[in-house]
Amino acid sequence: MTTRNPPETVDDPRAINTGDPIEVLRNLEEPVSESFMAALDRKIQRRLLATDMGRLTWYGPILVVLETISMIFSIGGRQRQSTEGAKDE
Amino acid sequence: MIDANISDEELVELARSAGEGDLRPFDRLVERHRGRVLANCRYLTRAAADSEDLAQEVFLKAFFALERFEGRSSFTTWLQRIKINHCLNYLDKQRRRPSVDIDDEQLHGRNELRVEPMAQRRMEALSQRERIAFILDSLSETLRVPLILRDADGASYGEIAERLDISLSAVKMRIKRAREEFRTRWLDAFGDPLAG
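Chains as they are written, first to last, in our numbering: chain A, 1 to 89; chain B, 1001 to 1196.
FYI, nobody ran anything at the bench for these hints, they're computed from the structure. Certain hints may be false.
Stated by the list, open to error - Quick list of the computed label-pair ranges, beta carbon to beta carbon: (1) Ile62(A) - Phe1064(B): 17 to 25 Å; (2) Ala38(A) - Leu1091(B): 44 to 52 Å; (3) Leu66(A) - Ile1166(B): 49 to 57 Å; (4) Ser33(A) - Glu1009(B): 39 to 47 Å; (5) Leu48(A) - Phe1134(B): 37 to 45 Å; (6) Arg42(A) - Glu1009(B): 46 to 54 Å.
Where a beta carbon is used, it is the ideal one built from N, C-alpha and C, also for glycine.
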């Protein structure tokens, strides 16, 4: 009597519905809870918010420095203009 | 309105151009893949209670990496890589935490861990999904992980070898042994898998 080895299902595409228990692993899916999508969307939104906050903390000090520099130059420019204006008069 | 027949890769394009406020194209991708990702997270890690969180983290990573998806492989393959890495990292972290090894030979004789005859009878009433969980959870990580990656996820031997950092021949050997174990345990516990 010859014994036949069970087919290697995934490696052998012809092995369909052979009764090999390994077949139950194909297209394995689990039912997701009703709250799955809402919870995922919340996590994404939270991460997006955290990323935005991160951007703010990154850009914040640079913006402050740039604004300060531009303010100093604009004040200096206005003072020079007013000094030169007074001299002309 | 998103066309039902739109491909995953087209949905990725839509998700990229939709902007951060509009999650609908990405949600459609999640709806298509969540059952499979969840199953893989569940069976790879054996963490039934954490599996939804794990699956959500996989999609979260995918969402923030969408810009890096180049389309050289399918979206499914790309997502699969994220999922495998995430689950293997989880297993690494779990391994570093002190725990009781259920394969420990010394524990087998303990009364509180004996399976009662009633529990044996209850196994007959398990659904197909519960049966799969029962058998997969009983396999050691060394056999379970490559088996799921290959037979449930369809990963190539080479890819599994790379992910698990073991040789190709070791992967083949483990998968062969895992299949034999799975078959034997299934037939011992439930008989014909297609009989339901």
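When the hints from earlier in the document are held up against this structure, which numbers fail?
Numbers 2, 4, 6 - these are the hints that the structure violates, sorted from lowest upward.
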